[in-house]
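All chains should be built: construct the whole structure from the sequences, respecting the hints.
Protein chains in written order, with the working numbering: chain A, 1474 to 1768; chain B, 4 to 261.
I should point out that these hints are in silico values taken from the structure, not numbers from a laboratory. If a hint is listed, it holds; no wrong ones were tucked in.
Part of the chain A face toward chain B, derived, beta carbon under 10 Å:
#1 ARG1654
#2 GLY1661
#3 GLN1666
Quick caveat: nothing in here was measured; it's all calculated off a predicted structure. Ideal Cβ placement from N, Cα and C applies to all residues, glycine included.
Read off the chains here:
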Amino acid sequence: MRPRWETALEWAIEWIIRLCGVSAILFVLGIFFFVFREGSGYLFHGFNPVQFFTSIEWYPTSQSNVRYGVLALIAGTASVTLLAMAIAVPFGLGAAIFISEFCTGKWRESIKVVIELLAAIPSVVWGFIGLTVMNPLIIKIFNAPIGLNVLNGGIILALMSVPIIVSIGEDALKAVPDSYREAALALGATRWQLVYRVLLPAAKNGLLAAVLLGVGRAVGETMAVLMATGHAIKIPTSPLDSVRTLTATIAAELGEAPVHSQHYQVLFIIGILLFIITFAVNLLADLAVKGIKGK
Amino acid sequence: MSAPGEFSVTTRQLNLWYGRFQALKEVSVSIRHGLVTSLIGPSGCGKTTLLRCFNRVNERYGNVTTTGEIKILGKNIYDADVSLIELRKCVGMVFQRPNPLPISVYENVLFGLRIHHESGSFPKAQADAIVEQALREVNLWEDLKDQLQARATTLQLEQQQKLCIARLLPLKPEVILMDEPCSALDAKATHRIEELVMGLQERYTFVVVTHNMAQARRISQECIFMLLGEVIEHSATKDLFLHPRQERTSEYIEGRYG
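Here you go:
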């Protein structure tokens, strides 16, 4: 007969573990509730969604005519993300293929460690690199008036997204059964034929998920883009234009907006918008991964 | 292609090490063209290793050292100027677990041709004919002619294994290596695969690794018995099973070890 306290302990441990499991859900719901509550006052009374999404005029502190149009901010986020992905996707997937298929032993381990280090660099350090290294470089190379622009932010964001794309992309390639590799090699495929005729089609869902999580990272990143993109609210027409992103706007203005003022509430509405965008991207990534098992 | 009775695969003093472990010792065998030769022996005797030398797929794992020579079609496959791609085109392999690629049945059959052709594409009519012929030869055409676009990984195991044989045929290989091709299949499917091999044997040289001595007796004309990395006996299958020359062979086939 086991002592009663042992049974009770077992029961308690089980419940603690269960609580840890569901806590993530509680936190996400809690955060969403908080962001929503802070923005809801204005969202339901006086908020003009048409102006919000279609106007490029963002004058939250104007004395005479306050306008909250975030189109330019959305364009800022979109342009920086797009450029970042244009750089990060080929590099990230290329690196994932290299690590998983062309690399063995020590080489593979050391490259993985270095790429993980890249992921460990704080975003403010990236922003600092954008300000002090990339800025003068861009001015010099492109003869631009200012080096804090879409190009600068895009490159910085690309470097920050690459580790995610590499590690998730590598997992996706690793999940392809080795028997497929043997089958193709035994038929006389070269390594490159193996990659593009067998592995890429077999791992395409996982690789898509890797790209989408990279996008999610880029959309949500704040500090580095705040420092590197130049803080100009406008729709960019070239990579050398300065922009401002949704995230940077919140970070820059929330401290100065009086609590519960209209301006403050609109910033939280931007927060809701960001939340929805990243949620949608993550959901898509999740569905993409599920697609592998579905088949 | 060599004439019947001649040798398709000849090894001379073949030694192989995985790291420091010697898996093959001084293996010298000559495998006749147009016959089914089975490789038997207890687990770990080196029969799969020997089989995987013939198309050099065991080099994937890196720490493999080989000495000696293997001649296929008169050429030593360990010569520096041998192209692995060409070697594997003429030496096909069927694996223990059926491993069709996760693409359509149609594309599985054409995969070999596509990777060996510069452009990888042919006229549709020609491709259709190649697919039909290959599937007919493995008795799959009637079953699958209406589902050529189905994903090959969704087929039954027996069909998958037949497809794995079918995809070798368009490349017109000299030798087909089989590594326990029926171990994942039930008795009926095993029977049908065996019939298939016996039906195809005249045009190709089959080397079949098997754990199943009854299978070796059913399908092969010649048999090689291996033990601890060495070839103990190589003779006609009926001689090997009825009048083994070596005591170790007779003990193995009587089931005293293995």
